[in-house]
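Chains A and B, in that order, are what the protein sequence lines are.
With the working numbering applied, the first sequence covers -2 to 160.
With the working numbering applied, the second sequence covers 1289 to 1366.
Honestly, the hints are just simulated from the structure, not real lab data.
Careful: at least some of the hints might be erroneous.
Every beta carbon over 10 Å from chain A, so not counted as near; a handful from chain B, in silico [as the list claims (entries may be wrong)]: (1) R1293; (2) Q1326; (3) A1339; (4) L1351; (5) G1355.
Rough simulated footprint, nothing fancy, chain A against chain B, three-plus residues with beta-carbon under 8 Å [as the list claims (entries may be wrong)]: (6) 1312 to 1320; (7) 1358 to 1364.
Quick reminder that beta carbons are idealized off the backbone N, C-alpha and C, glycines included.
Take a look at the letters that make up each chain.
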Amino acid sequence: MSIFVDGGVDIAMVAHVVAELNQDSRVGGQNLFVGQVRADKHPEGVVTGIEFSAHREMADAAVSAFLKRIVGHDHVEPVEPSVDSLADKRADNPGLALPRVFIRHGLGLIPVGGSPLFIAVGTERRDEAFRLCREILEALKSEAPIYGKELLDSEGHKWKVNQ
Amino acid sequence: MTRIRYFGPLMELTGTDEEHLNITFPLTVGELRGALEQQHPALATESFRIAVDAVMRDTDTTLSAAGEVACLPAFAGG
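Put together the whole structure using the sequences plus the hints.
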């Protein structure tokens, strides 16, 4: 499954993912991260949005590789509601690997306040939920070939650099 | 012909996100980079990694063929 969606991540999915994980009796903790485009002030101008692009095939392969390393499996779950999703995922469905992992990254123009990134993990205990969410976030930033062109109110632009 | 893809700021430096070049194999990744720099001199001062057919390659790796070459500067997702 690709992590990429066109435009910003639809935050309505957050409630859906929380509800999905609520149905899993093995899960004792959820941790969610939502990235947001910030109106950074540069000498050249103020950021109004970021245009994201990626080498999609390599980025998805990188996600698969770091999930195997960090989480122990590379199953990224769909976040879009489907007719059978909740019914199929009740209780301790052995077909779903634990920890449960949801990742989405937006592509294209995302304005200030929009969300380019959503990560959610469902784990047995809270320490693991915090740790895995953070490790997935850092691995995504450092290992997936994704780029952001910051558009400025001066009509110029600046290429995003991860701090 | 080999498909060459440029990402992030390299798209601006080269003026394109992809092009097809006639590369003579075998050659090392370092030699491939030299060929790309001849095509686009602005690349000479840039820091970037090269992936061949979606796999990152070291400078001294010898390539016998390549369908796609990706020039990847520092990542900036999230």
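- Item | Violated hints, by number in ascending order, as checked against the structure | The structure conflicts with hints 1, 3, 6, although it agrees with all the remaining ones.
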